[in-house]
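Given the structure of chain A, go ahead and fit chain B onto it with the hints provided.
Top line first, the protein sequences correspond to chains A and B.
Mapping to this note's numbering: the first sequence position 134 is 134, numbers consecutive.
Here this note's numbering = 1-based position in the second sequence + 1000.
Treat the hints as calculated values from the structure; they're not laboratory data.
Check before you lean on any hint, since a few could be wrong.
Cross-link-like lysine to aspartate or glutamate pairs, in silico, DMTMM-like; alpha carbons within 25 Å at most [what the hints assert, rightly or not]: (1) A:LYS215 with B:GLU1462; (2) A:LYS300 with B:GLU1361; (3) A:LYS357 with B:ASP1315; (4) A:LYS396 with B:ASP1119; (5) B:LYS1270 with B:ASP1303; (6) A:LYS357 with B:GLU1319; (7) A:LYS396 with B:ASP1147; (8) B:LYS1215 with B:GLU1046; (9) A:LYS368 with B:ASP1148; (10) A:LYS396 with B:ASP1148; (11) B:LYS1396 with A:ASP148; (12) B:LYS1368 with A:ASP147; (13) B:LYS1131 with B:ASP1119; (14) B:LYS1396 with A:ASP149; (15) B:LYS1195 with A:GLU462; (16) B:LYS1357 with A:GLU319; (17) B:LYS1396 with A:ASP147; (18) B:LYS1097 with B:GLU1127; (19) B:LYS1152 with A:GLU375; (20) B:LYS1357 with A:ASP303; (21) B:LYS1357 with A:ASP299.
Covered by chain B, per the in silico footprint, the following chain A stretches (three or more residues, Cβ under 8 Å) [what the hints assert, rightly or not]: (22) 146 to 157; (23) 195 to 207; (24) 341 to 353; (25) 378 to 391; (26) 470 to 479.
Distance windows between CB atoms, simulated [stated by the list, open to error]: (27) B:GLU1402 with A:GLY78: 30 to 38 Å; (28) A:LEU96 with B:GLU1402: 32 to 40 Å; (29) A:ALA100 with B:GLU1402: 31 to 39 Å; (30) A:LYS307 with B:GLY1078: 55 to 63 Å.
Virtual Cβ for every residue (Gly too), placed ideally from N, Cα, C.
Listed below are the residues making up each chain.
Number of protein chains: 2
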Amino acid sequence: MKFKFIRILVVSGSGQQIVGLAKQTDLRYDAQMAMDVVAQMKKFVEPESVAIFGIPRSPMSVTGGGTLDVLTNLVNQGYQGRIYPIHPRGGKIQGLKAYASVMEVPENIDLAVINLPRDLIPGLVKECVNKGIRAVAILTQGFADADDDEGKQLQRQIDDFVRGTGTRILGPNTLGTANAYINFSSAFMETQMEKNPIGFMCQTGVFFMSLAGLKLMGKAIDLGNGSDIHFSEGLEYLEQDAETKVIGLHIEGAKDSARFLRVARRVACKKPIIALKTGRGEWAARSIQSHTGSLAGGDKIWDAAFKQAGVIRVDDVEEFTDTIRAFYKLAPMKGRRVGVISYTGGFGVMGIEACQKYGLEVAEFSPKTTSLLGEILPPWQGVGNPADLGPAIMVKKISALETLETVVEAIFDDTGVDAVLGIFGAFAPSVGAAYYQVAEKAAMSHPGKPIVFYFYGPFVAEALGEFQARDGVMAFPSPNRAIRALGHLADYSEFRMKS
Amino acid sequence: MKFKFIRILVVSGSGQQIVGLAKQTDLRYDAQMAMDVVAQMKKFVEPESVAIFGIPRSPMSVTGGGTLDVLTNLVNQGYQGRIYPIHPRGGKIQGLKAYASVMEVPENIDLAVINLPRDLIPGLVKECVNKGIRAVAILTQGFADADDDEGKQLQRQIDDFVRGTGTRILGPNTLGTANAYINFSSAFMETQMEKNPIGFMCQTGVFFMSLAGLKLMGKAIDLGNGSDIHFSEGLEYLEQDAETKVIGLHIEGAKDSARFLRVARRVACKKPIIALKTGRGEWAARSIQSHTGSLAGGDKIWDAAFKQAGVIRVDDVEEFTDTIRAFYKLAPMKGRRVGVISYTGGFGVMGIEACQKYGLEVAEFSPKTTSLLGEILPPWQGVGNPADLGPAIMVKKISALETLETVVEAIFDDTGVDAVLGIFGAFAPSVGAAYYQVAEKAAMSHPGKPIVFYFYGPFVAEALGEFQARDGVMAFPSPNRAIRALGHLADYSEFRMKS
Chain A
1 MKFKFIRILV VSGSGQQIVG LAKQTDLRYD AQMAMDVVAQ MKKFVEPESV AIFGIPRSPM
61 SVTGGGTLDV LTNLVNQGYQ GRIYPIHPRG GKIQGLKAYA SVMEVPENID LAVINLPRDL
121 IPGLVKECVN KGIRAVAILT QGFADADDDE GKQLQRQIDD FVRGTGTRIL GPNTLGTANA
181 YINFSSAFME TQMEKNPIGF MCQTGVFFMS LAGLKLMGKA IDLGNGSDIH FSEGLEYLEQ
241 DAETKVIGLH IEGAKDSARF LRVARRVACK KPIIALKTGR GEWAARSIQS HTGSLAGGDK
301 IWDAAFKQAG VIRVDDVEEF TDTIRAFYKL APMKGRRVGV ISYTGGFGVM GIEACQKYGL
361 EVAEFSPKTT SLLGEILPPW QGVGNPADLG PAIMVKKISA LETLETVVEA IFDDTGVDAV
421 LGIFGAFAPS VGAAYYQVAE KAAMSHPGKP IVFYFYGPFV AEALGEFQAR DGVMAFPSPN
481 RAIRALGHLA DYSEFRMKS
Chain B
1001 MKFKFIRILV VSGSGQQIVG LAKQTDLRYD AQMAMDVVAQ MKKFVEPESV AIFGIPRSPM
1061 SVTGGGTLDV LTNLVNQGYQ GRIYPIHPRG GKIQGLKAYA SVMEVPENID LAVINLPRDL
1121 IPGLVKECVN KGIRAVAILT QGFADADDDE GKQLQRQIDD FVRGTGTRIL GPNTLGTANA
1181 YINFSSAFME TQMEKNPIGF MCQTGVFFMS LAGLKLMGKA IDLGNGSDIH FSEGLEYLEQ
1241 DAETKVIGLH IEGAKDSARF LRVARRVACK KPIIALKTGR GEWAARSIQS HTGSLAGGDK
1301 IWDAAFKQAG VIRVDDVEEF TDTIRAFYKL APMKGRRVGV ISYTGGFGVM GIEACQKYGL
1361 EVAEFSPKTT SLLGEILPPW QGVGNPADLG PAIMVKKISA LETLETVVEA IFDDTGVDAV
1421 LGIFGAFAPS VGAAYYQVAE KAAMSHPGKP IVFYFYGPFV AEALGEFQAR DGVMAFPSPN
1481 RAIRALGHLA DYSEFRMKS
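Here chain A stands alone, though its shape is the one from the complex:
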């Protein structure tokens, strides 16, 4: 049996050892070096000028795989920097003057993007170095990711050549970088961008296409094979970037794990870092063994290391996007006590159950809240958490939305409550907007507590869409997903309080 696993982490020892090691070496941390790294990374993420190698003479339309040529994509995005197409036959390409060699470009170039067959790359990298380009993104596949010796040899050749030149390599096997704030993308894939406060690093460019419910992040770096630029460099850039409030990482393996975890811990004390680390499980472990002859149980080490570094680990792409959105949309969660409001006892129980599952607590309402609920509910109904408003509406024929507003306000005001989960039926297309009004009002008057919703019913898609387009509150299609997001918020607050 043969597996393809690319870019595998090699670590040994426990997570504590890794982070311990990282702390010691902190003393050797060189602030000047960090500033150099940031300046270098700015060439990749905020280029004012870019040279592109490997453009077809006429623009590509989007193909079966969703790809198109780098120049077309860049022009479509509306990038305002200087663009230098490089093509041996010169002339004009897509209306821009093309240069036969990068050496002929009369100005300075911040970034070179290369998408040509692999055997041409070492020669082109040399030209870039000679031209004084400090940032080179190699999109081409078939280097360390290839199964043959030639690919590995070519990559070594490039690595050896650039070392010490001041030029650094992103990739190979990358889509490069994207930056919504300057409409820049070096990808050969239609990039979905949005000026949001998410800084993103990944080891597969597919994330540039956006996932369900999450447009590509404000700023993104695809490390690809990660032969040179790796997570630490990207984290140092995102750490100081004022536009980045939340950091998302898709990790297959980290080359320099001690340095990565040291930097991650420092950054996590300022901005939340959410990591989707893939390669869990026996198949992956077996594959790691076949590469390194060591290390079963590597995944537990990652768990421990992430925990110490304050990095929030998620399990799949859906949890990844849910969590990233939660961190940039919701208020922080300062404790673990959740108040649940629903119109149905059955789904209220599910909300309570989810709290238990994701490490949160069922809030105990104050006498004030309890007495307010007592006035609203029918006399025979027990008052507690979850607060089930169904019978009140059914028996006492009171207005659902007004009651909700009163109850949400009371529960939010309760000092025994750190967050609110609302469970409601989307029985009409307009429901989402109505609930959003209530939620937004509550969220604005209680900026220190998050509020999330779970919607069921025939118009769930409409209700979720309504919430997704807005800020400050979030809605989910299951109580588990709503509470899981709150759980991550609470974990991060706890880390920040301790660190």
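For chain B alone, kept in the frame of chain A given last:
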């Protein structure tokens, strides 16, 4: 602290003991009794005539909570049976002749639906019994579900009265029943129905509103408090019902767990049963203890009992709808070996990881499949599972969809493969339809193997919608969810082979 937990199971001993006990008592199983139960349940689920107590004189429009009156909902659904409104002032209600008492109705009545204040119910039930109505659904809340003594007393009064009369009670605290095949619903909530092969039982009527991605089931029974009719009776009905192919259960607790599990095991040998059992976790356990003074760890008993009974347990509403849909849309999965096809190595790894997580295996491709892939992929790329077609499209510029068709066909044909997961980018609105064609063709020529898709990219919603409207294949917004559904299919096939 006060919790509201309604209808809690009381069991002791291990799951094995429960099922063991169930098997012994199988000898006492009375086929005649089962037939009586089925005849009784048909009055609830397939009524030819219905009397309705508690209708406003003018139709209610949908209120804040999504509710409306039972008669309006029933008429809206297009029910063709006889409807008898019962109202003390007689006259006409919504164009139908109303009777001051059920005794005045000149014909036989299959089902009575009562939605009036709780203290009126015992008297009305007596009238129904006197009229010879064998099926009475009590929608009213505030009986065993109430916190006061009066509610419990009223419920006991009803229970005692009907015992031995031949009349049986559904509820109280129920939405009653729904049957898409005869456009019938007794709910005071807009019921979402669809003639699909799903038989459903629940302990909260909210399911009648439909969940994300799943319209209400073909036939549904809300047990409510379950004072009389319970899961066993419903299962016996669904067992013999030719229109039901898949059974979904939402369980808070089972009154007669030994009988329930015995019947469930028998039914599971014919039709898959998917159960969402709520009340997991310490908070729930604590609440159970405060009711019975016993039984921590009750949840593990349920796990064991479900497993022995061949019932597929799911963890939340999203997994519930995913799994129910998988069983009625997909081919059975006869083994555990999954072939993964993707356009990106990074997401291929996630597919592999999900297999491990959900108890499936990474298929080893046959030499024939391997050699076909070898021809398609660039020479430097390793051939294996996942089959990453990205480089082939990128480097060899081949057509994505045609290649996919060839590869899907080859992997489906491979005797070492039991199911296929495709991981693709929805980069345009038309992508879903194109992939659906490929998937449908493959599914039809291989009726013994399921195929599922995971879509990422900007047009995920469109792609999922395309697949949701069709039969035979399914698409999901994460690899975990796609593989989890396959895992349940494989577990059930294994149960059927063993039993």
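Requested in this report: May I ask you to test the hint 55 to 63 Å on the CB atoms belonging to LYS307 of chain A and GLY1078 of chain B?
Outcome: Given about 57 Å between the Cβ atoms, the range holds.
Query raised in the report: Hey, LYS396 of chain A versus ASP1148 of chain B, does the alpha-carbon distance stay inside 25 Å?
Result: OK: LYS396 of chain A and ASP1148 of chain B at ~17 Å, within 25 Å.
Requested in this report: Starting from LYS1357 of chain B, check that the Cα of ASP299 of chain A is at most 25 Å away, please.
Outcome: This hinted pair holds, its Cα atoms lying about 13 Å apart.
Query - GLU1402 of chain B paired with GLY78 of chain A, Cβ distance criterion 30 to 38 Å - result: holds (34 Å)
Report task. Take the C-alpha atoms of LYS396 of chain A and ASP1119 of chain B, compute the straight-line distance between them, and say whether it is at most 25 Å. Result -> holds (15 Å)
Requested in this report: Take the C-alpha atoms of LYS1357 of chain B and GLU319 of chain A, compute the straight-line distance between them, and say whether it is at most 25 Å.
Outcome: Between LYS1357 of chain B and GLU319 of chain A the Cα gap is close to 15 Å, so the pair holds against 25 Å.
**Report entry** Pairwise hint evaluation, ASP1147 of chain B against LYS396 of chain A, where the allowed Cα distance is 25 Å at most
**Finding:** holds (17 Å)
Query - Pair hint outcome, LYS300 of chain A versus GLU1361 of chain B [Cα-Cα no greater than 25 Å] - result: Answer holds: LYS300 of chain A to GLU1361 of chain B is near 21 Å, not above 25 Å.
Requested in this report: Would you check chain B against the stretch 341 to 353 of chain A, counting CB to CB pairs closer than 8 Å, and say if three or more residues qualify?
Outcome: With 10 residues in contact (Cβ-Cβ under 8 Å with chain B), the coverage given for the stretch 341 to 353 of chain A holds.
Query raised in the report: For the pair supplied as a hint, LYS1396 of chain B and ASP149 of chain A, is the alpha-carbon distance within the 25 Å limit?
Result: holds (20 Å)
Query raised in the report: Residue count check for the stretch 146 to 157 of chain A against chain B: does it reach three with CB-CB under 8 Å?
Result: holds (count 5)
Report task. Would you check chain B against the stretch 378 to 391 of chain A, counting CB to CB pairs closer than 8 Å, and say if three or more residues qualify? Result -> holds (count 12)
The structure agrees with every numbered hint stated previously.
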